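Protein chains: 2
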Amino acid sequence: MRVLGIDPGSIITGYGIVEKKGKNLNTLKWGAVRTKRNQSFPEKLKKIYDDLCEIIKDYEPSVGAIENIFFAKNAKSALKLGQVRGATILALINSGLKTAEYTPLEIKQSITGYGRADKNQVRIMVTKLLCLKETPQPFDASDALAVAICHLHSAVFKEKCSNLLQSSRKR
Amino acid sequence: MRVLGIDPGSIITGYGIVEKKGKNLNTLKWGAVRTKRNQSFPEKLKKIYDDLCEIIKDYEPSVGAIENIFFAKNAKSALKLGQVRGATILALINSGLKTAEYTPLEIKQSITGYGRADKNQVRIMVTKLLCLKETPQPFDASDALAVAICHLHSAVFKEKCSNLLQSSRKR
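Chains as they are written, first to last, in the numbering used here: chain A, 914 to 1084; chain B, 914 to 1084.
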């Protein structure tokens, strides 16, 4: 299973592609889509949408996992972030990918075992879990890799549950 | 000038197409994109995006005007509305349209001359201004027509200002 993790933001949108083969997690790519100050907001949305579609075309993930947020500083910033999330979700669904969403608590719990871990602790664990030689930069990219790992952990857990259910029905 | 006005919403997204020919405002189409309860949120976004792209293809407006909001009940509903706005803006920009945004105050002021007019007052004025035989249904559609009229009023005002500036420079 190949997962594209995304951490959406109007200035920097982090992304990371992680593949699970057997018990190994392979990192194929990470980075960030950066918008320019002099771009209008619709131009920024288009840049994020186009770049994500391009990444999906190049790396062919089967699932897109996004950080889900239920709070923001104020309604204005929530609306702004919502618009970027809308562009992100459309890039995934228009490219034929399934989408999955995880709260920051679920992601941190899955990566560090502690729901209130800070960004640096998440990055250290992402680097260890993916056996990377360098720490992923910027934080938005390591956060995106964290969402991808969270989805893979969750998929493994769901598969185990499904297998257990099936074997209990056979008895 | 042909304008597509949009009032975005996750359940109902109103739209209306108004054209200005000379001093006349002609209404080409109005209606609403409705999402289904059993659709996932990404499916709803895709439905809104696809339907708006289809309407743009059919009626070929040159500008898309959207209601801009800076407040919401809470962060959760702001994020939801933001995502729909993101899908709406992408439908416009990916179809090659310019986008314009107006606050509810600007729209109401432009249509009724009173920034705190209620939905019904806006609908009555939209019906009068566009010389419609029936009142546009639902409210989301009449709100969308109101945004389109607001943009046309604003465009006329900007043109007049530009002409005045040019003639004063010639003197």
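Mixed in with the good hints there might be a few duds.
Among the chain B residues that face chain A by a calculated CB cut under 7 Å, a handful are [said to hold, decoys possible]: (1) Ala945; (2) Lys960; (3) Ala991; (4) Leu992; (5) Gly995; (6) Ala1000; (7) Ile1002; (8) Leu1078.
Residues from chain B that keep clear of chain A, each with C-beta distances beyond 10 Å, as calculated [unchecked claim]: (9) Leu958; (10) Glu973; (11) Asn987; (12) Leu1043; (13) His1066; (14) Phe1070; (15) Arg1082.
Listed next, the in silico BS3-like pairs over lysine-lysine satisfying Cα-Cα at most 27 Å (straight line) [to be verified]: (16) Lys960(B) <-> Lys1011(A); (17) Lys986(B) <-> Lys949(B); (18) Lys942(B) <-> Lys970(A); (19) Lys959(B) <-> Lys989(A); (20) Lys942(B) <-> Lys986(B); (21) Lys942(A) <-> Lys970(A); (22) Lys993(A) <-> Lys960(B); (23) Lys959(A) <-> Lys1032(B); (24) Lys959(B) <-> Lys1041(B); (25) Lys949(B) <-> Lys959(B); (26) Lys1032(B) <-> Lys960(B); (27) Lys960(B) <-> Lys960(A).
Calculated from the structure, these hints are not laboratory results. Quick caveat: nothing in here was measured; it's all calculated off a predicted structure. The beta carbon of each residue, even a glycine, is placed where N, CA and C say it ideally should be.
Status of each hint after checking the structure:
no.	hint	verdict
1	Ala945	violated, 19 Å
2	Lys960	violated, 10 Å
3	Ala991	holds, 4 Å
4	Leu992	holds, 4 Å
5	Gly995	holds, 2 Å
6	Ala1000	holds, 5 Å
7	Ile1002	holds, 5 Å
8	Leu1078	violated, 24 Å
9	Leu958	violated, 6 Å
10	Glu973	holds, 19 Å
11	Asn987	violated, 8 Å
12	Leu1043	holds, 27 Å
13	His1066	holds, 22 Å
14	Phe1070	holds, 21 Å
15	Arg1082	holds, 28 Å
16	Lys960(B) <-> Lys1011(A)	holds, 15 Å
17	Lys986(B) <-> Lys949(B)	holds, 23 Å
18	Lys942(B) <-> Lys970(A)	violated, 36 Å
19	Lys959(B) <-> Lys989(A)	holds, 24 Å
20	Lys942(B) <-> Lys986(B)	violated, 31 Å
21	Lys942(A) <-> Lys970(A)	holds, 13 Å
22	Lys993(A) <-> Lys960(B)	holds, 21 Å
23	Lys959(A) <-> Lys1032(B)	violated, 32 Å
24	Lys959(B) <-> Lys1041(B)	violated, 34 Å
25	Lys949(B) <-> Lys959(B)	holds, 12 Å
26	Lys1032(B) <-> Lys960(B)	holds, 26 Å
27	Lys960(B) <-> Lys960(A)	holds, 21 Å
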